[in-house]
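Asker: Numbering of the sequence shown is given in numbering that gives the first Met the number 0, commencing with residue 0 and proceeding in unit increments.
Calculated from the structure, these hints are not laboratory results.
Since the model is a prediction, treat every value here as computed from it, not as a measurement.
C-beta atoms are modelled at their ideal positions from N, C-alpha and C, and glycine is treated no differently.
Treat the hints loosely; a few may be bogus.
Unchecked claim - Label-pair restraints from in silico Cβ distances:
#1 L586 <-> R470: 39 to 45 Å
#2 D552 <-> L513: 17 to 23 Å
#3 R470 <-> E521: 47 to 53 Å
#4 K79 <-> N507: 42 to 48 Å
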Amino acid sequence: MPCEVAARFLILYGSQRGQAQSIAEEICQQAAEHGSTADISCLSNQHNYNLDSEIRPVVFVVSTTGDGDPPDTAQKFVRKIKNKSLPHHHFSHLRYALLALGDTNYANFCNGGKTIDSRLQQLGAKHFYATGHADDGTGLEVVVDPWIEGLWDALKKTFSSMATSDQQDADLSDCTLDNFHKTASGQEKNKSDLEVDLHLLKLSEADSQKGKEIKSDSSDVETLSTVLVASLKQSVPPLSQSALSVPALPASYLEVRLEQGSTERETVSSDKDGYHEVSISKAVQLTQDDAVKTAILLELDISEQNLAYQAGDAFDILCPNRASEVEELLLRLDLQTRKNCAVQVNLLKNKHLPKLQPRAYSAASSSLQHPGKVHLVFNVVEFPARPEHPARKGLCTGWLAGHVSSILRPLGTVPASEHLGTSALPKVHVRPRPSSTFHLPADPSVPVVMVGPGTGVAPFIGFLQQREKEREANREATFGEMWLFFGCRHKDKDFLFRYKELERFAHNGTLSHLIVCFSRDEPDAAGTVNRPTYVQHNLRLHAKNVASILLKDKGSLYVCGDAKNMAKDVNDTLLEIIGNELQIDKLDAMKTVAGLREEKRYLQDIWS
């Protein structure tokens, strides 16, 4: 019989905001309970693995970002496997399973994982377990939990078949992984059977009482690791209000050192790889005080860090942990009576408490017009009070609003920051997040349609600033029309960038057409009825122009904003416009829209 230690597999994850990484780490932690050992690595750390000669089963966990793209951490891997010189049998030795993460609110559901899955199949790799497609729109756990539960039986069968094959050819006395040979080709489980098994799986409950005593180290969470212990799990609501069951860990789990005489202070995660501390040189409230939502513009001084970006890119912002959640964690670990001590919980640090993920904000500026600066815009998210929890603000937006309160000013007033020295300005940790596609066309003569209600207008301000500077520098050049469809609740309360930016662009010809709508304003004095209230209504009113730009002039359509409502409504309207213009049914219209996406002429920067 083969030794137990031979049951070893590899986990590779591609994560944009930490969800895929968290799930991959959860699989790694559960492996010991199922008689196997897992090595884990981020796809970006290609020095940690070599699929060209990998004989262990491989489990991929891959998220999706942007317009159906693989996450940034998987881009290099995808480019490598897409090399056209690779033979069709390049990965014929590879047995793998893949869990793809996505959101059905977005057009290209799970496309990051699907891209990798499809290419591995083309290169001869074989599934040992059916691919899972988890939907963040309905709850990732609906698919993730049963998929993980079914993974263990699939792995055991794979290990068994590999061991049987090896026993026929080699001495397994040393029971090492290096003695394994490629899995025999007839051992792959029928995909349809796997799909049936997947439907029959039951959700499992994690046994929070199981674990092994281990010693903590400070190694990076993305390096190969086989640490297998119970872990605390991330929750979206505040920890104190969640249904999270945190085990009362015995002393062997924790290494705690209390240092007397230290005071408690708010800190940001110490892991700032790729992040830069920059000053917030300006903070402006773009909305009136009585607006339903408060929108704030921040100007970050990135000149000293020499950070490059272009219109359409975004920036990640790190914010501290919510104080109430830290308080609740101390309470659960029975440390609340030692609040005046610096607590170092080495086992939990960086390993078993999921990292607070950065928040991404689209650049609302162009470096051509604001060299050394970048503007970011956000609404302060507010959650009303409920019986189970008090009113609260969004984690990052609430923190940012409080963080800049000393320099925040109403629109049109002198910045308070002008009276402060650089050292007195609030600081924030940021990291550029370049977009691979969401930029103006390389050919400036290509016409552009932009749809961005509310803060969704942010990247288009950058587009227009860029185009304004390009027009100034090339007065003889031909520039395509630029259409902007903008919407908000009230014309006089939350019409963002109205005076200083949008009306100027319209006046100087940078913006060919500014089409606006207001969803909550009362009818005008003329008693206008059936007036457009949302951006999709104005798109219908200008259907001929939109269709002509996209179908005849080969123009580009950009959409930025809310995914659940606006983006879906705009997509439905686009199908209607194209169907009417070409006199085709909905299915053919969908194929035409898919073609626009494939050509990167229909691009989205949307969020849930």
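Asker: A separate judgement is required for each hint: does it hold in the structure or not?
Answerer: Right, here's what the structure says about each hint:
1. L586 <-> R470: 39 to 45 Å: 41 Å, holds
2. D552 <-> L513: 17 to 23 Å: Between D552 and L513, where Cβ atoms are some 19 Å apart, the hint holds.
3. R470 <-> E521: 47 to 53 Å: 38 Å, violated
4. K79 <-> N507: 42 to 48 Å: Given about 46 Å between the Cβ atoms, the range holds.
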